[in-house]
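Enquirer: Sequence:
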Amino acid sequence: MAAVVRQSTTSFLDWGAIADAFEADLGSDRVIRRREELLVYECDGLTSYRKRPNLAVMPRTTEEVAMAVRLCNEWNLPFIARGSGTGLSGGALPIEDSVLIVTSAMREIIEVDMDNQRVVVQPGVINSWVTQAVGGAGFYYAPDPSSQIVCSVGGNVAENSGGVHCMKYGVTTNHVLGLKVVLPNGDIADIGGKVQEMPGYDLTGIFVGSEGTLGIATEITLRILKAPDCIRVLLADFTSIEAAGEAVAGIVGAGIIPAGIEMMDNFSINAVEDVVKTNCYPRDAEAILLVELDGREVEVELNSAKVEEICRGVGARSITSASDAAERLTLWKGRKAAFAAMGKLSPDYYVQDGVIPRSQLPWVLKEIGELGDQHGYNVANVFHAGDGNLHPLILYDNSVPGALERVEELGGDILKLCVKAGGSISGEHGIGADKRCYMPSMFSAADLETMKGVNKALNPRGLANPTKIFPTPRTCGEAAMAGKSSKLVERMEGVEQF
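If you read the sequence shown in my numbering, its first letter stands for residue 355, the second for the next number, and so on.
Honestly, I wouldn't trust all of these hints.
[Said to hold, decoys possible] Listed below are the simulated DSS-like cross-link pairs for lysine-lysine, each with C-alpha atoms no more than 25 Å apart in a straight line:
no.: 1; residue 1: K720; residue 2: K774
no.: 2; residue 1: K580; residue 2: K548
no.: 3; residue 1: K698; residue 2: K687
no.: 4; residue 1: K687; residue 2: K631
no.: 5; residue 1: K687; residue 2: K522
no.: 6; residue 1: K806; residue 2: K770
Rather than coming from a laboratory, the hints here were simulated on the basis of the structure.
Turn these sequences into a full structure, and let the hints steer you where they fit.
Expert: Written out as structure tokens, the structure is:
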């Protein structure tokens, strides 16, 4: 079981009076103040460390979000936006003396405009609901994180989430046309619009992926796409991870742009088969590739033949093809359940999210294996191979004293390896509290100051999700530089573990 961390009970604020003030403006049904009810908001999907908020509010409209933010400004309280709580970088982790603004009750699909291929939603709308709303008319929403049946669009916007189809169709920012946002001072602003190109600064691009540090999105205008005429999924299995990586490079090098290319290693294959029982993934394969091709039928036929030829050319043992919707779903089912299936192999796992150039896949995967051996932990690999977005899952037992800190050190080494290979420390999970100490390994001091300048312009009081994204001497100081994890530094900041 993961370690549980509670906040210090020391506080100089009258939280009873603060809760009364929020109830007076928002209503008692919008305010969560009892400690036992606040327990469920202690963490997001990064469950190893937790901190209970002092107060949580659940607005349903833009005006109620603005009211909550203004109250936080009046009381000088930090506030953190939270959607479904599925984030994996601690972006929605509460901090000392903070208010959590939970948008999960804002679940209205405000407008569906098929003619102009756009949908307007509130932030609490679940990702998969968008496609369900427009699928009958032959449209769909492309960004599809593995958690799409539970994650919210607002959280996707905050973290700039991706998914298995990001190779061809891009991540969340490529599908957001405009936003209504509550700024950190409580003002309401409309940025972007309902058309693809807008004059002036690209504030939409700045806001998407800002992890709640620039405000809270309350209405989101999304671009929807026409469903392709034909879709085919190929599953190829290999006797080595390196061969699967070579296949990815060969497919892209041939000018083929699949809707998605996913890779799973032997650890992941067996975990999935134990739990999901697809009976599609060969248990003795060192790696499998899932390649989805879409478009016109003739295009899919030609590309499928070429992909098969490339895979066999680098050593694929067998290739399964599925065009029927039910058969495709079966092939994808295991990949979508891969993270959850890790519980079959290990009591705990720690997932990272780095990006590398596709050409570096064989080398980086070999290096990750060697790093795991050096640290004494198995690492399962499940990732978006098409765009080089890795999700190494480090398997460990948190009941072993010091295991989490050692695993975090291994995770940090993997992130540094990604940067060394010419990549990034995050592809879709965000930076949050988990990776902020690694930002200097990727960005210069001038780079970071430029980003902070944008934050200061829109968040001058620093109340919107403070301590996230950017390293500081307090969060990433001497203890962290000495090899101690960022979580250990958190504990040194008044967070008590028991």
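Enquirer: Against this structure, judge whether each hint is valid.
Expert: Structure-based check of all given hints:
{"no.": "1", "hint": "K720 with K774", "result": "holds (14 Å)"}
{"no.": "2", "hint": "K580 with K548", "result": "holds (17 Å)"}
{"no.": "3", "hint": "K698 with K687", "result": "holds (16 Å)"}
{"no.": "4", "hint": "K687 with K631", "result": "holds (10 Å)"}
{"no.": "5", "hint": "K687 with K522", "result": "holds (20 Å)"}
{"no.": "6", "hint": "K806 with K770", "result": "holds (22 Å)"}
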